[in-house]
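There are 2 protein chains.
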Amino acid sequence: MKTQKSSALFLDAMLSAICGTMLSTALFAGLFTVVYFTSATITPATAKGDNAKEAVEFDAQGNLIQPDNFAWREWVYIGSPLTPNDLNPPQASFPEFHNVYINPEAYAHYKQTGKFPQGTVIIKELVSVGSTQASSGKGYFQGDFIGLEATVKDAKRFPDEPGNWAYFTFSHEPAPYPRTAKLQPAASCNMACHQALAEDDWVFTQYYPVLRDAKGKGM
Amino acid sequence: MKTQKSSALFLDAMLSAICGTMLSTALFAGLFTVVYFTSATITPATAKGDNAKEAVEFDAQGNLIQPDNFAWREWVYIGSPLTPNDLNPPQASFPEFHNVYINPEAYAHYKQTGKFPQGTVIIKELVSVGSTQASSGKGYFQGDFIGLEATVKDAKRFPDEPGNWAYFTFSHEPAPYPRTAKLQPAASCNMACHQALAEDDWVFTQYYPVLRDAKGKGM
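Protein chains in written order, with the working numbering: chain A, 1 to 219; chain B, 1 to 219.
Rather than coming from a laboratory, the hints here were simulated on the basis of the structure.
Just so you know, not all the hints are guaranteed correct.
[What the hints assert, rightly or not] If you want the ones that stay clear, here's a sample from chain A, every Cβ over 10 angstroms from chain B, calculated: (1) Ala55; (2) Ala60; (3) Lys138; (4) Asp144; (5) Arg157; (6) Phe158; (7) Gly216.
[Claimed, not checked] Derived, one-sided and incomplete: chain A residues facing chain B with beta-carbon distance under 10 angstroms: (8) Tyr77; (9) Ile78; (10) Pro81; (11) Leu82; (12) Pro90; (13) Ser136; (14) Tyr140; (15) Gln142; (16) Tyr207; (17) Asp213.
No residue lacks a Cβ here, since even glycine has one placed at the ideal position from N, Cα and C.
The task is simple: from the sequences and hints, build the whole structure.
See below:
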């Protein structure tokens, strides 16, 4: 139950809609379930590399600072979920590509252990659907960058967050994105959220073939 | 005209179809046009880092050796064109996601100069469309890795290839991919190819927002 608290508000900010719908929670699960569930067994006491090298920094108020120079675009790409408008009339909740990245240190740890270390950062950059018709056929081609979100796993900094993951939304507008993003506060959520999140663990992890293929397979 | 020679056979191998169709050439252009056109002004004499650090290796027969441990998945991701079957009945020529990566050294050079250095490697890994229906809506979600292709720019190794780019297809089957891939030999192509390739330069570069955003903007 606790797991849904931050995820719910995270989605509220994205959707400007209430928490508790299967749709919104499931989308969140699709983006981050693989992270949450695979990291659930890591405790601060046993996690390796606990903040040894932070991929991101926070300001004095605890806001997440945007990595300089779009650094995440040189991190490890893990997948691009897409639910376009034309398949979800009249309007998809998330009509853009979501290019999802993980910081390289966390990826290396994940390859080795199958678990996400403290300090893992997952960044999701939103990309508009650009062209939908090319000589190669009808389809979807990435247009422009239109938003930035992130989640950070840090047991020391977020001891009360589910799995120690905290969620941040920088912008749902084109770059330049704001310099910092506030932590999305925890909030209550109904059982529908929980059910969707729990039962779709396996389903949603298959959106990230890079992680699935690398998990615990050594370096 | 010369530009189409290698691209034609490269596509032939992929499509098992003849060269000369707008479709096949345009698809090729979509994958690699950004590379070809932006690199066209680089000559072996002026390019920096000419093979100073090769991102890939070749065997004694000149075959491209597959990077170890799926190393390209830790390179810089640049985009994922998608032309799914359901939008291209009865069968899309390329129904899968194409996750496209560039080696980090070439990306750094491209950011600095807006041009691709000698030794640039672009790798395209094919990913099946997995789920098309999730709680978040109808859409496209990456399934499994199902193929690997590459192009390498190297004026010394490929002096006669257009722009010094050579094309390789490792596999259109799931991993493990073959250890090596042969150079796709040059072949003739008709003027329709040329026209499609030329006029879609601008159009196809917009499939790679990461490159477009970084081009020549410094480090």
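Hint check, failures only: 3, 4 and 12
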